[in-house]
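Novice: Chain order of the listed sequences is A and B.
Each number in this note's numbering comes from the position in the first sequence (counting from 1) with 229 added on.
Each number in this note's numbering comes from the position in the second sequence (counting from 1) with 19 added on.
Hints were generated in silico from the structure; no laboratory data involved.
Take the hints with a grain of salt, since some may be wrong.
[Said to hold, decoys possible] Which residues of chain A face chain B? A few of them, derived with a C-beta cut under 8 Å, are: (1) Val302; (2) Arg306; (3) Gln314; (4) Phe318.
On a predicted model such as this, the values are computed, not experimentally measured, just so you know.
C-beta atoms are modelled at their ideal positions from N, C-alpha and C, and glycine is treated no differently.
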Amino acid sequence: MIEIKDVYKKYENSSYPALDHINLTINDGELITVLGTSGCGKTTLIKAINKLHDIDSGEIIIDHKNINDVDGVALRRTIGYVIQQVGLFPHMTIAENIATIPELLKWEKDRINKRVDELLEMIDLPKEYKNRYPRELSGGQQQRVGLVRALAADPHIVLLDEPFGAIDAITREHLQDELIRIHKNGNKIFIFVTHDLNEAFKLGDKVIIMDKGRVEQFDTPDHIKAHPATPFVKKLLGVAYD
Amino acid sequence: MIKYWIEHYDKFMVGLVEHLQLTVITVFISIIISLLITLLIRKYKRVQIIVNGIFSGLYSIPSLALFAMLIPFTGLGLETAVIVLVIYNQYILVRTNIAGLDQVDSHIIEAAKGMGMTDFQILYKVQFPLALPIIFGGIRLATISTISIGTIAAGIGAGGLGRLLFEGLRQMNQAKVVGGTILVIILSISIGRIFEIIENNLKKNFGLKS
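Chain A on its own, in the form it takes in the complex (with noise of 0.2 Å):
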């Protein structure tokens, strides 16, 4: 479980805060996605969740515990991190490149070994890709290979930034499904950082709608449809249902 109790950040040289009051309890087992335009303060919430940015007052509290008073780079290591740009290391074989962080966390060859046979199974990729390099694959591929990438310690929560974002449409549509399967068959917390709305619509479970800082509302697809709750909302549903 998270809680996200009254936080707030402010950049200085901005007309308005990154984080403006946020208050959310994301249950486990739920895929949120956070929806909204850039500069609203989606991605520095979930860098906030994950310790990348730190905050200038309220509370972070991941089970049960405030993330204050865990090392950045601990709690790091049991949430898995995925961006639009997947960052998979060119100098790394596909297998090395999923094995990373079990490799910090020391686990035995074997176990790593089974481990990235797994995953590569979860995605469908055949076994000849272990050792080949991420500039031999699709982006397709390798935004999947990225994902199971942060899915490979088997962490409890998982962040999600605009992953499809780079990704033909078609492509995002199967990477979506696929998402939406990884996530039924466990019980992890993914979030889910958005600019689409359909996207954020199709896979959450809930959204959180946010603008300039603020959660303009935090419902599922179906509450938010029938009671859009600020004039933000009524203008972006107009937008993309009309």
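Chain A is fixed; fit chain B onto it per the hints.
Specialist: Just chain B, lined up with the frame of chain A:
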């Protein structure tokens, strides 16, 4: 001239071997020191300006002058030569080390950090390997520079191919001068070529275009 080369083949070989020795020792020490300085700069960003200033200043001092300044402290011979050459190399190596590390894609670094690598782990697992082609380029330049400036080291008793050049000039022996020069050129080009091959292999393996 060629007759002289064949008859006095041993002189040239001694010079070559001494020169290689000087070069290898110098480059080896230069690399280690440049890496230490680079790590220092990475940790304390403000040091960079001071370090750059010091080494560009030192680099602009003509080699003979720098040798002369050091001789009262470290005497004539190999030691002084190596110290001066190592100092010169820092000007090149520290800059290319930093440039190499900085050109690594920031998204790769972000992914590494987000996965829970410590700053040091990011450096040696990710950044350094990916910077290697450029770092090697710097080492290549430093090596060639060492081979060239190293010829002057003979003037202060460090031996090497420079000895043939100086002797040849003093004795008006053209065979020595030309022969020595040709060997320096061959040494330079062949070592440069070997480094180029290594660099291209590194670039290929790390997915960067060569």
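Novice: Please go over all the hints and tell whether each is borne out by the structure.
Specialist: We went through each hint and held it up to the structure:
With a cut of 8 Å, the hint placing A/Val302 at the interface with chain B holds, because the nearest CB-to-CB distance is about 5 Å. Restraint check, A/Arg306 versus chain B: the minimum CB separation of about 3 Å is within 8 Å; hint holds. Checking A/Gln314 against chain B by beta carbon gives a least distance of about 4 Å; that is within 8 Å, so the hint holds. Here the hint on A/Phe318 is kept, as its CB sits about 6 Å from the closest CB of chain B, short of 8 Å.
Violation of the numbered hints given earlier is absent; every hint is satisfied by the structure.
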